[in-house]
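A.B. asks: Take the sequences, apply the hints, and build the full model.
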Amino acid sequence: MPKLEEATINIYEYPYPLTSEVHIPEGMFQNCKSLKKFTSNGTSKVYQYAFMACTALETLSTPDIDEIEQYAFAYCTNLKFTIYGTLLKVGDYAFAYCQNIKINTYNFTDAGKYIFIGSQAISTLDINRSLGEYEFYSCQQLTSIKLHENINTIPRYCFANCTKLTSVQFPKVSRLQIGLSCFESCTSLSSIGFDNIMMGQLGGYCFADTKIESLKLINTSTDIKDFYRCPIKSLTIGGATTAIADGSFEECTKLEKVVIQKDAFGFNVLAFMNCDKVKFEFESGNEIINESNGIVTCHVEGVSKNMTILVAVLPSYNEKTFSLSDSYDSILPGAFYFAEKVEKIEITKPILGNLQNSRYLKELTISISNYSDPFIIDQNFCDSNAKLKKLTIEKAVPFIDDQAFNNCTKLKEVTLPESISFGQNVFALCTDLEEIKIPLFTDKLITVYTPTVDIQKRPSGE
20 MPKLEEATIN IYEYPYPLTS EVHIPEGMFQ NCKSLKKFTS NGTSKVYQYA
70 FMACTALETL STPDIDEIEQ YAFAYCTNLK FTIYGTLLKV GDYAFAYCQN
120 IKINTYNFTD AGKYIFIGSQ AISTLDINRS LGEYEFYSCQ QLTSIKLHEN
170 INTIPRYCFA NCTKLTSVQF PKVSRLQIGL SCFESCTSLS SIGFDNIMMG
220 QLGGYCFADT KIESLKLINT STDIKDFYRC PIKSLTIGGA TTAIADGSFE
270 ECTKLEKVVI QKDAFGFNVL AFMNCDKVKF EFESGNEIIN ESNGIVTCHV
320 EGVSKNMTIL VAVLPSYNEK TFSLSDSYDS ILPGAFYFAE KVEKIEITKP
370 ILGNLQNSRY LKELTISISN YSDPFIIDQN FCDSNAKLKK LTIEKAVPFI
420 DDQAFNNCTK LKEVTLPESI SFGQNVFALC TDLEEIKIPL FTDKLITVYT
470 PTVDIQKRPS GE
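Mapping the sequence shown onto this note's numbering, position 436 (from 1) lands on 455, and the numbers just tick up by one.
What the hints contain is simulated information worked out from the structure, not anything from laboratory work. These numbers were taken from a predicted model, which means no experiment stands behind them. Please note that a few of the clues may not be correct.
[What the hints assert, rightly or not] As a list, the in silico SDA-like pairs of lysine to any residue whose alpha-carbon atoms are at most 25 Å apart:
| no. | residue 1 | residue 2 |
| --- | --- | --- |
| 1 | 406 | 294 |
| 2 | 360 | 376 |
| 3 | 363 | 405 |
| 4 | 273 | 294 |
| 5 | 276 | 248 |
| 6 | 431 | 455 |
| 7 | 52 | 124 |
C.D. replies: Below, the structure written as structure tokens:
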């Protein structure tokens, strides 16, 4: 039996005009390994799987097609085809692993997922219509992208792992949302600019493992690990709508300089975890954020009173002891992350927030003089502070909540007041804590400590 190598569909209007669109049915040539050429002069739509895995197909002449459904040409590895502006709707995996597909004019109004995954012929893109998730994933010959004003969303993983991508031109828009891992592992991408964007929102891991060395974030909010492991050396942050998430620049070990502009609205020290070379510069004139002698604070107007928030204690702070007194109403998470000289913290008034990620803290003293305004230690208050060795709680602390000192593995010495109650797992995994004396406890005592602790009740008056 001869093998099919060429197929042609011609649509004629004589003697009667066409009354309906002509389509190529679902799976019509699927797995036809010998088909090399297909021609059609009147077909407007290709249904799903129509040519899937036609691995010998090289030539496709279909000038009238405006819609292609999912997997229609997937795995046609030898297909050479150029897309023009007449093609409007393209389904999931439509050209997946078709390595010789090119795009002359991108005019999609409806784009599916993974459309061009694995293509090796697309080098430049000029896009003014909708994009799909994973659409150009691993298109490893793609070098430049220009996005026009109609683009306000770039879906997740859209250009991830495009290893030769060097240039991305973002549109001038009022708002641009860039999805999760959108440019992750684009290992040739060394610079990006958000200057044209009035408000930007980045998804997690958005530019992780790229080669970006210098960055200016203005009115752009980040998510977790957006620039993870990037070789960024300098960073500028500004704009009232900029919000920097925890871990945004984690493992950016070459980061040396971060400039906080005078119009910046916030500052998050935990965005820079494991960036131990970094130095922070704060422009003068900022009405929200203030830096003085290594202490960064934020002043917020409240309904009943104004609040002073401790944002960060920087390496330039030279004292070994830091007092959380009447000067502060709240602490931001990670405020002491870079406080490499601070070994002891004293708390003398109730305060909002916690001391997590205080990497250099060795001693903590809590003594509240006003019994009418006691201090309740919140959940995970000092969780996983690996260098903490000594804890002293003296007055007006009636309760320690769950896991407050969990995983403080170097904690050896704990002094408690005459009356105190506990939540669960308060000292769990404090593996160096061998003995503790307490006066009163709740029925949850058995979950307060690790099995290595010798629990003793202190006699009254001791």
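A.B. asks: All hints, please: hold or fail.
C.D. replies: Here is what the structure says about each hint:
1. With a C-alpha separation of about 19 Å, the suggested pair residue 406 and residue 294 falls inside the 25 Å cut-off, and the hint holds.
2. Between residue 360 and residue 376 the CA atoms are separated by roughly 14 Å; this keeps the pair inside 25 Å, and the hint holds.
3. Taking the CA atoms of residue 363 and residue 405, the gap is near 14 Å; set against the 25 Å cutoff, the hint holds.
4. Taken as a hint, the residue 273 and residue 294 pair is honoured in the structure, with Cα atoms around 7 Å apart against an allowance of 25 Å.
5. With a CA separation close to 16 Å, the supplied pair residue 276 and residue 248 stays within the 25 Å bound.
6. With a C-alpha separation of about 9 Å, the suggested pair residue 431 and residue 455 falls inside the 25 Å cut-off, and the hint holds.
7. Between residue 52 and residue 124 the alpha-carbon distance is near 30 Å, which puts this suggested pair outside the 25 Å criterion.
Hint compliance for this structure: hint 7 is the single one not met.
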